[in-house]
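Enquirer: One-letter residues, chain by chain:
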Amino acid sequence: MNVMEGTPYALPGATREHEELTRTWAPASGLLRWFRQVDHLIIGRRFIITAFIWFALGGLLAGLMRLQLAVPENTVLSNDQYNQVFTVHGITMMFLFAVPIMEAMAVFIIPLMIGTRALAFPRANAYAYYMLLFGGMMVYTALFLNMAPDAGWFNYPPLSGPAFSAGKRVDIWAELVNFTEISALTVAVEIIVTIFRQRAPGMSINRMPLYVWAMLVTSFMIVFAMPAVMVASNFIGLDRLVGTHFFNAAEGGDALLWQHLFWFFGHPEVYIIFIPALGMVSSIVSVFCRRPVFGYTAMVLSLVATAFIGFGLWVHDMFATGLPQSGESFFTAASMMIAIPSGVQIFCWIATIWLGKPSFRPPFLFVVGFIAIFVIGGLSGVMVASVPLDLQLHDTFFVVAHLHYVLIGGSLFPLLGAVFYWFPKMTGRMMNERAGHVSFWLVFAGFNLTFFPMHKLGLIGMPRRIYTYLPETGWGPLNLLSTAGAGVLALGMLVYFGNALVSMRRGALAGADPWGGATLEWATASPPPAYKFLHLPVVHGREPLWEGPENAPVVTGVSTKKREVLITRTLDAEPDHLYVYPGPTVWPFLAAVTTGSMLVAGLFTPWAFAIGTAALLVFMTGWFWPTTKKKEGEAPPNEGAAAA
Amino acid sequence: MSERATIDVSALPDHGFGSRSVMWWATVLVILIEATVFVATITSYFYLQGNEAAWPPPDTPLPGLEWPTVNTIILLVSLLPNQFVKAAAEKMELRKVQIGMIVADLIAIGFVAVRVLEFAHLNVRWDSSAYGSITWTLLGFHTFHLVTDLFDSIVLTVLMFTRHGREPKRFVDASENCFYWYFVVLSWLPIYAVLYWAPRIL
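Those sequence lines, one after another, are chains A and B.
Quick note: the first sequence uses my numbering, first residue 1, plus one each step.
Quick note: the second sequence uses my numbering, first residue 645, plus one each step.
Think of the hints as simulated: they come from the structure by calculation, not from any bench.
One or more hints might be untrue.
Unchecked claim - DSS-like cross-link-like pairs, simulated, lysine-lysine; straight-line CA separation at most 30 Å: (1) A:LYS561 with B:LYS813; (2) B:LYS735 with B:LYS813; (3) A:LYS456 with B:LYS735; (4) B:LYS740 with B:LYS813; (5) B:LYS735 with A:LYS168; (6) B:LYS813 with A:LYS168.
The shape of chain A in the complex, shown without the other chains (with noise of 0.2 Å):
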């Protein structure tokens, strides 16, 4: 590669020092490699694949339920396998996509967004990594094996309790719970403290840019609202496993208990899936408009209140369940409140489109579906935020509508406009524009046509989570027009999967900042070199790329013999020490294949926490054990970058 390529003005001894950080940062090598790898790049890079993966499933399970309900009395899936298909839909999407994906997006770009050569943690990331591939194989492997949850994603007892679902269906959810919030809570610390202690000189915390503010504010919710579904899956668990009685009402238990638990995660989850797309968000309107997002300081005010407001909604989801009328209240009020810093961030982006210069290419056009999309996801939603017409609506398909507008609008319109504007740094090569406004379109086209029908069919009572109706209902042909949109969306997906895997191999080569960004991340090679930045940047303010001098100052003196981070102050980002990271390592892999085994081990006995537990100890100190001061830090003898 040309050593030269994003650093324009490369210092003397540049060559020398491009060999040596080649060699220090090289990846892992040999016939293990896959199991040792730790670079934030290669296990971003693998997180963001298995996610989509994970995508597509939950995206076939979704057209098996259109087929099913294409028309009354279909006989495609049974009552059985629907509520199978339904749940792990469900789960997929929540647990195994949404914030895994997010993360992942995360995990590859924030380290090169704010000038760093490392994510913090490097082996723990790993270790996240793996607890996520292994989480949706369990499921996938029981929904093969008819034993798949089968109780709704939000698995409410006292259906999911002993007394009604028998065998081992509800035990999976619980498991995949801890298997999915032990691997997005170790991203979260190891996003906030990458985004605290790593940034590049100079980026002090108000020149941060409004993605990385983004990270941080949905990691630290990660941070509060997963240790609530972890609480209330192991509850459910015990109860199932053990005997225990949170759940059961003759023993002094509380099926609501369940309820205020879950939504307590459950509610700030739709946030933590959604701040990230609104930090893509900013970071495309910005680049494809050509100027600085309006109104910074608002912006992140707004994601800010957004956060603490989302950790107060959670009741409005069981606006059904009996509460008292002056709690309702509240919480509807507290629901119509969250639409305040949204408007804020919306009209904000609607004044940088304005006072821009707009230039349509696909990854601004998925934000502007996203526009038009959340928009009328949060309209339903303040329908939705007040209790009588709630009562009317509750699962109902209005619901069904509401709720994908909202995470599909709000979330996955910005994911793919972000995939397509970070696809070059990924891969070294464009996706095609041409097959991009195809996919758009059809997209966009075909979400509408499989959603907006779904209103209707909410207002003129078809509940959720049937699997069949009678053909006196009406229900049919709304039904039917909305399998033949989800056909038209299933087409548009594929086509933006295919220009990617076609992309990745023959695309026009992208060269370090193709679109002319503004961001650190374009002031490197694409895909970047092991070691990310030949000489750390020094950032002078909020756009670096577009208001720092050609020649701007760079850091001299960190180590090209040991994988060594700057670490800079939490605020106003000075140098304040260095520090050096591992290399890499097969521990995080035993570490999880331990845990895994554990994990589903439990399902059938208590002893497999007690024993796993004592074996993990092991695993771990192995893990945190030194290696031999000749080697840490520095790479194994001539792991040359082929081996990538």
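Chain B: place on chain A using the hints.
Expert: Relative to chain A, chain B alone:
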């Protein structure tokens, strides 16, 4: 190729204690996660209490108070060697760190031994009522977090006796381990109050 201004960082130290270190931040976040687990569990405790006319439920004796009180005193005493190790680690005094960590580990092992007696005197089974379930689970969560940290401390203690013990990074680890122990002690106090005093007072 033109001249380019630089910031030379080669003179910076290779470690930092407290809020300067990445380990400190990771420890704080783990503490936040575990604290949220405890808060959610304690909230569930009082939520379930609201369903019962009497707490503990009729015919269930109160949990024994002696052993948990002994344990609380043991934990408070453990703060002394803990602070001793933290101060010594930040001055990188290897011998003091080694001795202090052995003392702290022994006290923690004593705590775990008394914990077994605590379980034996809860006077309720986990499967006899929701009260029993939440009592066992709250004490169980705390024990799990205690045992894993104890194991971690023992590994670190052994490490301090090897040649790796002299590296600045290890002293940072020792200091952060003490920082975490403060959380172990402080989080126990509300759990002690909930499990053993709430059924007596409320």
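Enquirer: Confirm or reject each hint.
Expert: Verification of the hints:
{"no.": "1", "hint": "A:LYS561 with B:LYS813", "in the structure": "18 Å, holds"}
{"no.": "2", "hint": "B:LYS735 with B:LYS813", "in the structure": "13 Å, holds"}
{"no.": "3", "hint": "A:LYS456 with B:LYS735", "in the structure": "70 Å, violated"}
{"no.": "4", "hint": "B:LYS740 with B:LYS813", "in the structure": "17 Å, holds"}
{"no.": "5", "hint": "B:LYS735 with A:LYS168", "in the structure": "54 Å, violated"}
{"no.": "6", "hint": "B:LYS813 with A:LYS168", "in the structure": "46 Å, violated"}
Of the numbered hints listed earlier, those contradicted by the structure are 3, 5 and 6.
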